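Student: Fit chain B to the given chain A structure using the hints.
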Amino acid sequence: MRPTISIMWRELTGYFSTPVAYVFLVIFLAMVGAFTFYMGGFFSRGQADLQPFFNFHPWLYLFLIPSIGMRLWAEERKSGTIELLMTLPLRTIHVVLGKFLAAWAFTAIALALTFPIWISVNYLGDPDNGVIFASYFGSLLMAGAFLALVAALSALTKNQVVAFVLGAAVSFLFLMSGLDLVLGFFRGWAPQFVVEVVSSLSFLTNFQAISRGVIDLREVIFFGSMIALSLLINTAIIELKKAN
Amino acid sequence: MTEVLEVSGLTKRFGALTAVEDVSFHASRGEVLGFLGPNGAGKSTTMRMITGFLAPTAGVITVCGNDSVTDAIETKRSIGYLPEGAPLYGDMTPKAFLTFVGRVRGMTRADIRRSIEDVVDKVHLEEVIFRPIDTLSKGFKRRVGLAQAILHNPPLLILDEPTDGLDPNQKHEVRALLSEMAAEKAIVISTHILEEVDAICHRAMIIARGRIVAHGTPDELREKSNAKDKTSLDSVFREITTRAES
Chain A
465 MRPTISIMWR
475 ELTGYFSTPV
485 AYVFLVIFLA
495 MVGAFTFYMG
505 GFFSRGQADL
515 QPFFNFHPWL
525 YLFLIPSIGM
535 RLWAEERKSG
545 TIELLMTLPL
555 RTIHVVLGKF
565 LAAWAFTAIA
575 LALTFPIWIS
585 VNYLGDPDNG
595 VIFASYFGSL
605 LMAGAFLALV
615 AALSALTKNQ
625 VVAFVLGAAV
635 SFLFLMSGLD
645 LVLGFFRGWA
655 PQFVVEVVSS
665 LSFLTNFQAI
675 SRGVIDLREV
685 IFFGSMIALS
695 LLINTAIIEL
705 KKAN
Chain B
27 MTEVLEVSGL
37 TKRFGALTAV
47 EDVSFHASRG
57 EVLGFLGPNG
67 AGKSTTMRMI
77 TGFLAPTAGV
87 ITVCGNDSVT
97 DAIETKRSIG
107 YLPEGAPLYG
117 DMTPKAFLTF
127 VGRVRGMTRA
137 DIRRSIEDVV
147 DKVHLEEVIF
157 RPIDTLSKGF
167 KRRVGLAQAI
177 LHNPPLLILD
187 EPTDGLDPNQ
197 KHEVRALLSE
207 MAAEKAIVIS
217 THILEEVDAI
227 CHRAMIIARG
237 RIVAHGTPDE
247 LREKSNAKDK
257 TSLDSVFREI
267 TTRAES
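Those protein sequence lines, which keep their order, are chains A and B. Basically our numbering = 1-based index in the first sequence + 464. Basically our numbering = 1-based index in the second sequence + 26.
Calculated directly from the structure, the hints in this document are not laboratory data. The hints are all genuine.
Mimicking BS3-like on lysine-lysine, the simulated pairs with C-alpha atoms at most 25 Å apart in a straight line are:
#, chain 1, residue 1, chain 2, residue 2
1, A, K542, B, K164
2, B, K121, A, K542
3, A, K622, B, K164
The model shown is predicted, which means the values in this text are computed figures rather than measured ones.
Excised from the complex, chain A in its bound form (with noise of 0.2 Å):
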C-alpha cells in the first residue's frame, strides 16, 4: 500500500508543479459554467436541480479526461523515467495503481471546485440534495472508468498526442455504445445477445441512470469493473512492453 500511495503522492504533485493542473481546472470551470447557464438553460427552465449541469459531463469528460491521463505512461516512455520506476522494487500493479488514483484524485478536486454551482442552486431553491450527491457519486465514476480506459492506451505510446487522440477516440466509442451510432455497426451481422452486451456497455445509458438520483449497484459494479479491467490491461501491457 506504501508503494502505491508515494507514486500516487509523486503523480498529484506533478499534476500542480506544471501549467497543467491549473490550465485545465480553469478550463473545466469555465467550460462546466458556460454549458450550464447557457446550453443547459440553467435558469430559463426554472427547476431547482442541477440536470442541466450533470448532463454535459459525460461530454466534458470526453476530451478533459484525456489530456488528464495522456501523460501517465506516455511522458514516462518518452523521458525514460520508465526504466527508472520499473527497476525499482515495486509490483508494476501498484504503479499503475498509483498512477489512476492520482488521476482520479484530481479530477475529484475538479469536481469539488464546482461546489459554488450546487450553493446558487441551493440558494435560488429547494433542490433534492440527494439526486444531487448521487450524480457526483456517478460522474467521479464515469470520470474513473474514462480515466482508467486512458491510462491503458496512454501506456502503448510514447507520444502523447497519440495518447490523446486514442483515449478520446475510445472514450467516445464507450460512450456512444448505447446509440445507433455504435449500435448500427453490429445490427448487421452480429446476434442479438452482442448487440444487447454492447449497449449495456454505455457510460452514457448508465451515467443517465446515475444521475436520476438512484445509486443502482448495477450501475456501480458497471464503472467498477470497467475500472478494474482497465488498470488489468495497463498492468499487462507495461509487464508486456517496458521498453519501447
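Tutor: Chain B in isolation, oriented as in the chain A frame:
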C-alpha cells in the same frame, strides 16, 4: 571476496535480432567491473536485464543469492541503477525526487533524511537541492541520478555510462567517488572511455555484437590484443572489437 552478481548464459533476442548472446560473468564485493564496447554492442541491454527492466530470453542472473526473475523485488532492492542518460523527473527538485525514491524503497522517514544528507554530501548537490531538476546542468543531473542509485546503500551498483557528458573535473570526481565506494560494493559500469577503465576498473570485459570478446584486467586485455601500440587501451579496444565484427 563474495559474489554479489552472477550472470550465466544470458541471452536476449528481439525478434530476429540477437542483442546479447550467451554472456556469463560475475562481480564480487570490492570490485569495479568495466563493461566496454562500441555503441549498440549490448551493454545497456545486459544492464537492463540485470536490473529487471528487460526479461532475459535465456540465462540466469543472481544478485546476492536472489534470482532476478523469481525474486524480482528482492533483487531490485539490492541494486542501485543509473540508466543510460540518467532519466529523471524534471518537474521535481532533487530533494523531492530523492525523498520519493527513498519512500518507494521502503525507507523510514529518519532513514531517508539521513541518507539524503549523506548522498547530497557525497555527490555535492547542496547548492541545487531545491531547484527543479529540469533547470539543472547536465553535470548536476548526472549527479542526481547517481545520488538516487546510492541512496539505499545497495551492495550492487549498475551504472550505465556514469561519466558520459561530464566535463573532465566532474569525471574525475565521479571516478573518485566510485573508487571510494568500491571497497564495500560490487560496481559494474559501462563506458566507452578507455582511460576510465585504467583509472578505476579492476577487471574489464569487451563486448561486441552481443558477445564477450575479451575479459580480464586492463593489462591482460593489452596482452590479448594484436595491436601495435599496446600502451594505449584505445588501440587495443579498436583492434579487439573490429576483429570481432569482421
